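Asker: Please arrange chains G and L on chain W, whose structure you already have, making use of the hints.
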Amino acid sequence: MPGPLTLGQIASQLGGRVAGDTGVLIRQVGSLQAAGEGQIGFLANPKYRSQLAATRASAVVLGAEAESLTELPRIVADNPYAYFARVSQLFNPVVLQPAGAHPAASIAASARLGARVSVGAGCVIGEGVQVGDDSCLYPGVVVYPGCRIGARAIIHSGVVIGADGFGIAADGGRWVKIPQIGSVLIGDDVEIGANCCIDRGALEDTVLEDGVKLDNQIQIGHNCRIGAHTAMAGCSGVAGSARIGRHCSIGAGARILGHLEICDHVRVSANTVISHSIREAGTYTGMYPADGHDAWLRNTAQVRHLDALARRVRELEKKFEATGGGNG
Amino acid sequence: MPGPLTLGQIASQLGGRVAGDTGVLIRQVGSLQAAGEGQIGFLANPKYRSQLAATRASAVVLGAEAESLTELPRIVADNPYAYFARVSQLFNPVVLQPAGAHPAASIAASARLGARVSVGAGCVIGEGVQVGDDSCLYPGVVVYPGCRIGARAIIHSGVVIGADGFGIAADGGRWVKIPQIGSVLIGDDVEIGANCCIDRGALEDTVLEDGVKLDNQIQIGHNCRIGAHTAMAGCSGVAGSARIGRHCSIGAGARILGHLEICDHVRVSANTVISHSIREAGTYTGMYPADGHDAWLRNTAQVRHLDALARRVRELEKKFEATGGGNG
Amino acid sequence: MPGPLTLGQIASQLGGRVAGDTGVLIRQVGSLQAAGEGQIGFLANPKYRSQLAATRASAVVLGAEAESLTELPRIVADNPYAYFARVSQLFNPVVLQPAGAHPAASIAASARLGARVSVGAGCVIGEGVQVGDDSCLYPGVVVYPGCRIGARAIIHSGVVIGADGFGIAADGGRWVKIPQIGSVLIGDDVEIGANCCIDRGALEDTVLEDGVKLDNQIQIGHNCRIGAHTAMAGCSGVAGSARIGRHCSIGAGARILGHLEICDHVRVSANTVISHSIREAGTYTGMYPADGHDAWLRNTAQVRHLDALARRVRELEKKFEATGGGNG
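Chains as they are written, first to last, in our numbering: chain W, 18 to 345; chain G, 18 to 345; chain L, 18 to 345.
Chain W with its partners taken away, still in its complex shape (with noise of 0.2 angstroms):
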């Protein structure tokens, strides 16, 4: 881990600007209510003010507005939690897991791995592979032949590039397996979560432009485009030949059916099914409400008599009209 660095040489180094003691010696990041001696935090959100008060951090990153709510050592940052992000990087190398191949991966003689590649135990990288300079794959990736990873990629402990999309065809009772030919292309600065799948294309490939962050369990369908800088958050998915967007946020558990497209910069909350194309930014929602168990039964039971309900009142309506309706 690198050593301290005063608030000063932090600042000269990730820009900002500090307010008091630019002395002050740190030598770790933590959250307000638990850091201590030696520790930065950060407020970006104003919820949390009553934290900056209480805290013992050394000082603490924040955005002009909050500049005068605490006396600490602080740098003043446009964006407090991206700032914080960096600082956290300079005390916390990103990666955990060193550079080269562990004696235990599986790694096929034909594939080519970048510089500084790192491949942790178990990985198994098939024929062809090709990984960019500075990826990481830690223990227990899987590759599937072909695949194509860029550069700075991070893939997490049990993620499956490449397995066979699921390409069956109906034929009088049986499936025919229609062969996945395509591969999967992973542009660079990606991020991909433990146990998430990238399936290979049915006839072209799947592709995750640069910038894409998943977190863990997503499963991206075959022939699928993620769009550049878009973050999935985990156990959501995306049925084949589905087209996300750039800069899109997908929740939690979300859900994007197949063949489908999503324009640039919408956010998708957690656990919504999309089940038409999307053309127009925005946030989309749709999540049936939890209640008490009784409560549920109760309305729940009037779902599925929605339409009658609708066309009941709609007959009433009709009638209210028909006799004047209060105006007579």
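In case anyone wonders, no lab produced these hints; they're calculated from the structure.
Careful, some of the hints might be misleading.
Heads up, simulated DSS-like pairs for lysine-lysine below, C-alpha to C-alpha not over 27 angstroms straight-line [claimed, not checked]:
#: 1; chain 1: G; residue 1: 335; chain 2: L; residue 2: 335
#: 2; chain 1: W; residue 1: 336; chain 2: G; residue 2: 336
#: 3; chain 1: L; residue 1: 336; chain 2: G; residue 2: 336
#: 4; chain 1: L; residue 1: 64; chain 2: G; residue 2: 335
#: 5; chain 1: G; residue 1: 336; chain 2: W; residue 2: 335
#: 6; chain 1: W; residue 1: 335; chain 2: L; residue 2: 336
#: 7; chain 1: W; residue 1: 336; chain 2: L; residue 2: 335
#: 8; chain 1: W; residue 1: 336; chain 2: G; residue 2: 335
#: 9; chain 1: G; residue 1: 194; chain 2: W; residue 2: 194
#: 10; chain 1: G; residue 1: 194; chain 2: L; residue 2: 335
#: 11; chain 1: W; residue 1: 335; chain 2: L; residue 2: 335
#: 12; chain 1: L; residue 1: 336; chain 2: W; residue 2: 336
#: 13; chain 1: W; residue 1: 335; chain 2: G; residue 2: 194
#: 14; chain 1: L; residue 1: 194; chain 2: W; residue 2: 64
#: 15; chain 1: L; residue 1: 335; chain 2: G; residue 2: 336
Keep in mind it's a predicted model, so treat the numbers as computed, not measured.
Answerer: Chains G and L in isolation, oriented as in the chain W frame:
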């Protein structure tokens, strides 16, 4: 990869009727959009007819109803999609991995592997496991002791077969583990996608019948039985002791609750929760609709008052009847 | 497998009262439906009483209220299901894997494994990891550096413990990674099902308290705390920084959104999304009902007009009141 075939040679192997030049040489399949010289495409869905006009493929597979839409050399088939799958199999071996056990696989001495079985690096095959002829276990598959897998299975990376089912009994605020002494029994011609889990039975076996096809990240609980030729899309799940019939289709993200029965030929739509047994073939759906976030907020607030709303409508109907209801 | 025991020997080890022949020899447990000579079944749920009449088991475990329903040799227990679990443990060792580290496991030199720990083939145990006595890691488990696991853990194949939480900060259309410098702390007597992911904390630890039981494919986000003796069914998930109380049950496919608190003794039904903190014990549900596809289409179309429907009903009520509302 196998060498090129003329259109006539393809039809003589697979059936169908050639229209146009039977001698055109085909080397690979492709989509109508991307195929070029030496490739054969297909048209199975009328909504892609415009692609047929524009394609640069050398030949195409289509149905009789579309035969006259193109001048290209073509094969007319009853089921163009299944036919195309078979053409693709001619040019692309379905399994990318050679027969035999990779040296980095761990195979118990008492395991019995059939002829031409392929076991990838990092696979772990427990004591007493049986695997039928021509099956392929991609890298990193774990099969717990005693499980049996039929012939021609394709098991993708990260699959876990035979882990303990979730059997716990509450006892004074603690949980007592119920040993899972059943096994897993998998029929012939089954494909299991990456990172799926098939739990062993609590007392008897968990069963996947012949021809079952599972996409990725599917969870099959203990004691389940999945009927022959049923297909399940990614991230779906079946809770313990459920029985699903033959020739069913379970959509992506769908979930079948425990101790249910679903009869043959049922289609469950994506993201649908089945909480009662289904005794009649057909398509079942239960997806909460997504909407713009603000509209969702407004509408979803009413879901928790649906029962009250229905009662208010009934009240209005009664009152209206009491006044003579527009007939007066 | 341990040898046979008489019914009397079982009761002398586990308690309970024997009715009928105490000398009957039991070799194994079974379900009432499938058990035969030498097997003991159980009746815990009155709806299976008809199976009791028909069973060919040699003996049965049941509650006092059912004691007179059979002539079979029987053990009467307060909690027949938990009692049966303990009987099964007598005949079936809970863990199928021998103690010690498989040669195909990769264990960092600085890892500390307790007495009788079992580590399967393909497991990867990172630097500084601690594992308590009598724990079992099935093949293919990955534990990232610095994580701690208590005694008597059962960790099934494909589990990933300590991968980075999903911490990214938006900065000018790009994502900046926030180093995940917390760890994972797992108490005693925890079981974790196949292919689960437990992310390491962003700044402090992710914690699973004693006696937590997780089914397969569960995602636990960074900084979460799961209270003691809470059980979660398959494919459920907890987003980052959520805190779940003790003795909770989380149903299959349920999802707890981030930064929430759920108090002790809460039951969340299957496929329910919890989007607000829960401060009162009880059962909470939010499952959209499945229906025949056409009925669903009709009814679901109204969900997006519920707010308007409620306003129309209110309008009718007002108008009706204005006319004298049936009292005139």
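Asker: Holds or violated: residue 336(W) with residue 336(G), Cα cutoff 27 angstroms?
Answerer: 12 angstroms, holds
Asker: Would you check the hint for residue 336(L) and residue 336(W), treating anything up to 27 angstroms between C-alpha atoms as holding?
Answerer: Given pair residue 336(L), residue 336(W) holds - Cα atoms ~12 angstroms apart, limit 27 angstroms.
Asker: Are residue 194(L) and residue 64(W) close enough, with their CA atoms no more than 27 angstroms apart?
Answerer: Measuring from Cα to Cα gives roughly 23 angstroms; hence the hint holds.
Asker: Against the 27 angstroms threshold, does the CA-CA distance of residue 194(G) and residue 194(W) hold or violate the hint?
Answerer: 40 angstroms, violated
Asker: Taken at face value, is the distance from the CA of residue 335(G) to the CA of residue 336(W) at most 27 angstroms?
Answerer: 13 angstroms, holds
Asker: For residue 336(L) and residue 336(G), compute the direct alpha-carbon distance and say whether it is at most 27 angstroms.
Answerer: Cα-Cα ~12 angstroms, so holds.
Asker: Between the alpha carbons of residue 64(L) and residue 335(G), is the straight-line distance 27 angstroms or under?
Answerer: Status violated; Cα separation ~41 angstroms.
Asker: Verify the proposed pairing of residue 335(W) with residue 336(L), using a straight-line Cα cut of 27 angstroms.
Answerer: The hint holds at about 13 angstroms.
Asker: Given the hinted pair residue 336(G) and residue 335(W), is their alpha-carbon gap at most 27 angstroms?
Answerer: Holds - the C-alpha atoms of residue 335(W) and residue 336(G) are around 15 angstroms apart, at most 27 angstroms.
Asker: Given the hint that residue 335(W) pairs with residue 194(G), test it: the Cα-Cα distance must not exceed 27 angstroms.
Answerer: 62 angstroms, violated
Asker: Does residue 335(W) pair with residue 335(L) here, judged by a C-alpha cut-off of 27 angstroms?
Answerer: 15 angstroms, holds
Asker: Hinted pair, alpha-carbon criterion (27 angstroms max): residue 194(G), residue 335(L). Please report holds or violated.
Answerer: 59 angstroms, violated
The structure shown violates the earlier hints numbered 4, 9, 10, 13.
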